[in-house]
Amino acid sequence: MLFNSIEFAIFLPTVFILYWFVFKENIKNRNFFLVAVSYIFYGWWDWRFLSLIFFSSLVDYTIGVRLNKTDGPNHRKVLLILSLVVNLGLLGFFKYYNFFVDSFADAFTLFGSSLETRSLNIVLPVGISFYTFQTLSYTIDVYRKQLKPTHDFIAFLAFVSFFPQLVAGPIERATNLLPQFFTKKVFNYQLAHDGIGQIIWGLFKKVVIADTAATFVNDIFANYETLPGSTLFLGGVLFAFQIYGDFSGYSDIAIGTAKLFGFSLMRNFAYPYFSRDIAEFWRRWHISLSTWFRDYVYIPLGGSRGGKWMKVRNTMTIFIVSGFWHGANWTFLFWGFLNGLYFLPLLLAGKNRKNIGNVSNGRSLPSIIEFLQILFTFFITVIAWIFFRAENIGQAFTYLNRMFFIRPLSQPDSEILLFLPLLLIFIVIEWIQRNKEHAFRLGNLHPVPKYSAYFLIIFLISGFSGSQNEFIYFQF
1 MLFNSIEFAI FLPTVFILYW FVFKENIKNR NFFLVAVSYI FYGWWDWRFL
51 SLIFFSSLVD YTIGVRLNKT DGPNHRKVLL ILSLVVNLGL LGFFKYYNFF
101 VDSFADAFTL FGSSLETRSL NIVLPVGISF YTFQTLSYTI DVYRKQLKPT
151 HDFIAFLAFV SFFPQLVAGP IERATNLLPQ FFTKKVFNYQ LAHDGIGQII
201 WGLFKKVVIA DTAATFVNDI FANYETLPGS TLFLGGVLFA FQIYGDFSGY
251 SDIAIGTAKL FGFSLMRNFA YPYFSRDIAE FWRRWHISLS TWFRDYVYIP
301 LGGSRGGKWM KVRNTMTIFI VSGFWHGANW TFLFWGFLNG LYFLPLLLAG
351 KNRKNIGNVS NGRSLPSIIE FLQILFTFFI TVIAWIFFRA ENIGQAFTYL
401 NRMFFIRPLS QPDSEILLFL PLLLIFIVIE WIQRNKEHAF RLGNLHPVPK
451 YSAYFLIIFL ISGFSGSQNE FIYFQF
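Numbering (this note's numbering), first residue to last: 1 to 476.
Hints listed in this document are in silico derivations from the structure and should not be mistaken for laboratory results. Mixed in with the good hints there might be a few duds.
[What the hints assert, rightly or not] List of simulated lysine to aspartate or glutamate pairs, DMTMM-like, C-alpha gap at most 20 Å:
(1) K148 - D71
(2) K185 - E25
(3) K148 - E25
(4) K145 - E25
[As the list claims (entries may be wrong)] Computed beta-carbon distance windows for the label pairs:
(5) P13 - I369: 35 to 43 Å
(6) P13 - R144: 37 to 45 Å
(7) V321 - N188: 34 to 42 Å
(8) F187 - S414: 47 to 55 Å
(9) R363 - F16: 36 to 44 Å
(10) A453 - D413: 40 to 48 Å
(11) R48 - R363: 53 to 61 Å
(12) N176 - N392: 34 to 42 Å
(13) L18 - L456: 30 to 38 Å
(14) I427 - R48: 36 to 44 Å
(15) F153 - I369: 49 to 57 Å
(16) G362 - Y189: 37 to 45 Å
(17) V65 - G362: 48 to 56 Å
Being a predicted model, the structure only gives us computed values, none of them experimental. Note that beta-carbon positions come from the ideal geometry of N, C-alpha and C, so glycine has one too.
Given the sequences, and given the hints that come with them, work out the whole structure.
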């Protein structure tokens with residue numbers, strides 16, 4: 001079920017009313033209700049894969065209980081490995097089987113031999129990368145004795161399948177989300193009001209910014225061999241805003257929806273395109289995934305505790321694995337590798353944590369140096385996004401070659417020119433609100449301009465809504 005669909009517009013208020021007025025007394029019944037509606041939400045896409053998410057939940061719930069009953073290090077390690085094998089095995093089969101088979105066959109071809117292989121017609125379950133990492137974090141935290149396992153299977157099912165963030169995150173930690181299923185919820189008007197504002201802003205990002213940009217991006221990338229360099233550069237810039245509006249829009253809707261039910265989800269985006277260096281960008285982009293890799297891969301590998309070689313190895317490992325997490329294509333691996341290369345100079349110079357706070361704190365405008373830093377960081381990010389968007393490595397390099405060397409100046413399409421002022425207004429709004437959790441937090445504003453802004457944004461969403469486009473990260 002898509003957030004930007006008529007079905008969800010009916011589903012959400014129905015669930016909200018039942019949650020607060022019918023299942024308001026008993027916590028266990030309320031959790032069972034959340035599991036039921038979450039499975040309906042997920043099964044709306046393809047009910048067959050409900051068994052997969054249930055099986056993954058059952059495995060990690062059972063392993064968590066078993067880990068609590070033994071202190072033997074070898075036995076505990078075997079249980080952890082079992083969880084890793086089952087979860088990563090399922091993820092690997094559905095997401096990477098054909099990639100490895102085809103790459104293996106291509107390797108033989110390079111040496112002048114041919115190998116008969118058979119690809120499978122595998123349907124990638126929506127959200128498998130997200131809920132797999134969520135259940136794994138639970139098992140790893142229990143194994144590390146940082147979290148006591150739950151014996152409430154219904155609450156655990158609710159934790160894994162919680163519908164606002166099930167399909168595309170944020171990737172929640174059990175230490176944050178799971179305890180919330182054991183607390184009695186009392187309706188909080190201020191929280192719900194803020195949640196509605198965040199949902200509206202998320203829909204604006206998705207429907208008005210991302211989906212509109214997508215129409216231009218798709219056309220530019222489909223015809224990149226005939227277009228001038230300036231148009232190709234504009235296509236890269238628009239894709240940067242497409243993927244930001246699409247993915248951060250989903251996160252805003254998910255977090256805002258959770259607030260309607262009294263739940264707090266972790267922040268997933270913090271105005272990443274206002275970053276002054278690539279290290280700051282990765283602290284602000286897809287925060288739930290970046291911190292997951294930091295805590296469960298980077299630090300166990302040794303983090304930054306060793307010498308320069310270990311720092312380089314661990315950093316590049318994280319970025320390449322992160323790229324591979326996004327999809328079974330060499331373009332994603334190269335995208336991760338390229339971002340790792342961007343990051344290394346800062347790491348080796350000890351400047352990767354130089355820009356921690358928000359840019360231009362206490363000032364309306366950035367300094368010239370900050371402005372140039374933001375522009376440069378955005379520029380190299382756009383270059384990397386071209387590999388993310390391209391169908392293959394060859395297309396990405398051809399795109400970049402033409403972007404820099406083929407007719408660098410030309411008149412953009414008139415429809416794009418009409419969209420650019422709207423995009424500029426979007427950037428200005430986010431800049432003004434950059435110190436707030438989301439750009440549509442208007443609590444201190446006078447009611448007249450506040451509700452005028454609500455109606456204007458809703459009007460724009462209605463005007464731009466046409467086809468129900470899937471979110472980009474559904475494929476991951």
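**OP:** Could you tell me which of the hints above the structure violates, numbers in ascending order?
**Re:** 3, 4, 5, 10, 16
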